[in-house]
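Trainee: One-letter residues, chain by chain:
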Amino acid sequence: MAQLKRKILIIGLDSAPAEIVIDRRAEFPVLRGLIEGGFHGTMRSSDPPITIPAWMVMTTGKDPGRLGLYGFRHRTGYSYDKMWIATAQAFKERAIWDVVGDHGGQSCLVSIPPSYPPRKVPGHLISCFITPDSEKEYTYPAGLRQEIESRFGPYAFDVVFRTENRDVILKEIYDMTAKRFEVLHYLMTTKPWNLFMFVEIGVDRVQHAFWKYMDTKHRLYQRGNRYENVILDYYRFLDRKIGELLAVAGEETIVLVVSDHGAKRMKGAFCINDWLIEEGDLVLKEIPKRGASIEKTAVDWPKTKAWGWGGYYARLFLNVEGREPQGVIKPEDYEKERDRLTERLKAIRGPRGEAWETRVIKPNEYFDEVRGDYPDLMVYFDDLYWRSAGTLGYGTRYLLENDTGPDDAVHAQEGMYILYDPEEKVSRRKKIDILDVAPTVLHALGLPVPSDMKGKIFNG
Amino acid sequence: MDKEFTTISIPTSLVKQIEESIQGTDVSSVSSYIAKIVREALSKKDAEPDVFSKEDEEKVKERLKALGYID
Numbered sequence: 004m005a006q007l008k009r010k011i012l013i014i015g016l017d018s019a020p021a022e023i024v025i026d027r028r029a030e031f032p033v034l035r036g037l038i039e040g041g042f043h044g045t046m047r048s049s050d051p052p053i054t055i056p057a058w059m060v061m062t063t064g065k066d067p068g069r070l071g072l073y074g075f076r077h078r079t080g081y082s083y084d085k086m087w088i089a090t091a092q093a094f095k096e097r098a099i100w101d102v103v104g105d106h107g108g109q110s111c112l113v114s115i116p117p118s119y120p121p122r123k124v125p126g127h128l129i130s131c132f133i134t135p136d137s138e139k140e141y142t143y144p145a146g147l148r149q150e151i152e153s154r155f156g157p158y159a160f161d162v163v164f165r166t167e168n169r170d171v172i173l174k175e176i177y178d179m180t181a182k183r184f185e186v187l188h189y190l191m192t193t194k195p196w197n198l199f200m201f202v203e204i205g206v207d208r209v210q211h212a213f214w215k216y217m218d219t220k221h222r223l224y225q226r227g228n229r230y231e232n233v234i235l236d237y238y239r240f241l242d243r244k245i246g247e248l249l250a251v252a253g254e255e256t257i258v259l260v261v262s263d264h265g266a267k268r269m270k271g272a273f274c275i276n277d278w279l280i281e282e283g284d285l286v287l288k289e290i291p292k293r294g295a296s297i298e299k300t301a302v303d304w305p306k307t308k309a310w311g312w313g314g315y316y317a318r319l320f321l322n323v324e325g326r327e328p329q330g331v332i333k334p335e336d337y338e339k340e341r342d343r344l345t346e347r348l349k350a351i352r353g354p355r356g357e358a359w360e361t362r363v364i365k366p367n368e369y370f371d372e373v374r375g376d377y378p379d380l381m382v383y384f385d386d387l388y389w390r391s392a393g394t395l396g397y398g399t400r401y402l403l404e405n406d407t408g409p410d411d412a413v414h415a416q417e418g419m420y421i422l423y424d425p426e427e428k429v430s431r432r433k434k435i436d437i438l439d440v441a442p443t444v445l446h447a448l449g450l451p452v453p454s455d456m457k458g459k460i461f462n463g
Numbered sequence: 014m015d016k017e018f019t020t021i022s023i024p025t026s027l028v029k030q031i032e033e034s035i036q037g038t039d040v041s042s043v044s045s046y047i048a049k050i051v052r053e054a055l056s057k058k059d060a061e062p063d064v065f066s067k068e069d070e071e072k073v074k075e076r077l078k079a080l081g082y083i084d
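These protein sequence lines are chains E and S, in that order.
Just so you know, the first sequence maps onto residues 4 to 463 in the working numbering.
Just so you know, the second sequence maps onto residues 14 to 84 in the working numbering.
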């Protein structure tokens with residue numbers, strides 16, 4: 004049996020782009036030290052580049068088709084209105100910590116989405132932001148919760164985004180992150196581990212709430228605004244916290260800093276269902292109220308060919324005879340109809356007639372294997388600069404703000420990584436793929452890479 | 014905190030399971046762990062299903078909406 008020769012600390016920064024962490028490293032002394040002694044660069048995220056499934060793609064080395072996970076929610080079978088939310092129970096594939104466990108190793112896993120409900124792992128686990136509240140069992144072993152709460156109070160999984168008050172959100176983000184690092188410090192010094200991994204969700208939240216104050220290209224940016232430095236200040240705070248953690252992680256420990264996807268300014272939201280109505284693909288029985296959800300709108304299904312869901316990317320579903328309850332597209336016309344829709348989606352232009360870089364994915368052709376409840380099409384409007392609004396009744400295709408509330412940033416396909424091995428210092432910029440992470444981590448620990456992981460060992 | 018204690022009987026197989034779930038943590042004893050979960054159970058109004066109750070699911074959905082993941 005292979006021996007666990009090394010220890011690794013994986014620092015997950017949800018949504019962190021290379022444009023900040025790598026390109027502005029002069030402002031982050033700890034991260035700069037890792038960058039200048041290790042492999043670093045952009046990491047192409049999964050399709051879709053969304054928190055769920057991206058972290059699980061990274062830690063299992065399996066793509067979303069194989070995992071059968073295409074986002075936070077999924078349609079239940081071919082129903083029109085039933086959906087389910089992906090939890091930790093939806094992930095059946097083995098992750099890097101299972102392989103570490105096979106070889107007698109232990110892991111500490113903190114807030115890696117999705118990890119609620121907590122499952123049995125070789126080591127210790129605290130669940131993530133899909134935990135309904137801190138009254139639930141959220142640790143493995145179950146007793147760890149009491150151990151943590153007796154020292155640090157209730158664990159903070161996330162911040163509340165219902166308020167427009169940016170100062171309140173910012174304080175909550177700092178409080179959450181500070182507490183998380185206290186817990187991490189405690190676990191790191193009291194529990195056995197070969198693999199220590201955590202995800203800091205505060206990075207994603209601070210970017211969504213403050214991107215327009217920082218990005219000079221954002222349409223709402225105002226020079227000299229009071230929040231201009233908020234995002235970079237938060238990264239500087241993280242840099243210090245990471246430095247404190249590295250001081251107790253041990254000098255021999257390999258360090259991987261990695262994000263699940265990147266972030267960039269939001270240009271607006273494209274109203275996919277209003278567009279489908281204009282195109283004649285979606286027919287309603289009523290005039291919808293502004294912002295109505297498709298699930299609560301009376302759709303004339305026998306006249307409808309397609310409908311869509313919103314989020315950072317769009318999912319489109321075709322209404323197929325014999326598949327959907329009131330399907331109309333004949334099975335033999337499915338590919339023709341799907342191609343016709345694909346061409347029309349790609350031809351969509353922006354509000355000023357500008358050309359868009361829209362990407363349309365057919366999951367069953369794109370992935371080697373497709374499991375679970377996959378959509379007929381996945382669409383990234385203008386390379387994700389435009390999110391998709393699934394709500395409808397706006398009387399326009401274009402909204403300049405998020406349909407479900409203000410949101411300054413969207414996801415970017417490229418995330419970032421830094422791999423620092425104190426025993427093999429290099430300084431090399433290299434592009435990697437999210438599927439390369441799991442085999443590289445196992446190899447770094449001296450463990451065999453399972454043959455069904457398709458990624459490459461990128462530092463080999 | 015209560016100062017008086019009494020003895021109760023539960024199957025030894027259950028004790029073994031509890032020992033497993035507190036192993037490696039600083040929970041001092043099976044007794045203190047049982048007292049904690051019984052107190053929690055008594056304070057809960059409704060029994061919970063495996064993953065999300067209807068209420069939990071709505072809570073999580075609302076949060077995911079506010080975060081822009083779904084609409």
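Hints are supplied without guarantee of correctness; some may be wrong.
[Claimed, not checked] Computed, partial: chain E to chain S, Cβ under 7 Å:
1) L403
2) G458
3) F461
[Said to hold, decoys possible] Using 25 Å as the maximum straight-line C-alpha spacing, the simulated DMTMM-like pairs for lysine to aspartate or glutamate come out as follows:
4) E/K299 / S/D69
5) E/K85 / S/D69
6) S/K78 / E/E30
7) E/K139 / S/E17
8) S/K67 / E/E338
9) S/K72 / E/E335
10) E/K299 / S/E75
The hints are simulated quantities; they were obtained by calculation from the structure and are not laboratory data.
In this text the structure is predicted, and so the values were computed from the model without any measurement.
Even for Gly, the Cβ is constructed at its ideal location relative to N, Cα and C.
Trainee: Could you run down the list of hints and mark each one as holding or not?
Mentor: Hints, one by one, checked against the model:
Interface restraint check: E/L403 against chain S, minimum CB-CB distance 15 Å, threshold 7 Å, status violated. A hinted interface residue such as E/G458 counts as satisfied when its beta carbon comes closer than 7 Å to some beta carbon of chain S; here the least separation is about 25 Å, so the hint is violated. The restraint placing E/F461 at the interface with chain S is violated, with a minimum CB-CB distance near 29 Å, outside the 7 Å limit. Restraint check: the Cα-Cα separation between E/K299 and S/D69 comes to about 20 Å, which is no more than 25 Å; the hinted pair holds.
Of the pairs offered as hints, the one joining E/K85 and S/D69 holds, with about 17 Å between alpha carbons and a cut-off of 25 Å not exceeded. Proposed proximity of S/K78 and E/E30 is contradicted: the alpha carbons are some 34 Å apart, above 25 Å. Simply put, E/K139 and S/E17 have alpha-carbon atoms about 29 Å apart, too far for the 25 Å limit, and the pair is violated. Straight-line distance between C-alpha atoms of S/K67 and E/E338 comes to about 38 Å, which puts the hinted pair past the 25 Å bound.
Distance hint between S/K72 and E/E335 is unfulfilled; the C-alpha atoms sit about 42 Å from each other, more than 25 Å. The straight-line distance between the Cα atoms of E/K299 and S/E75 is roughly 16 Å, inside the 25 Å bound, and the hint therefore holds.
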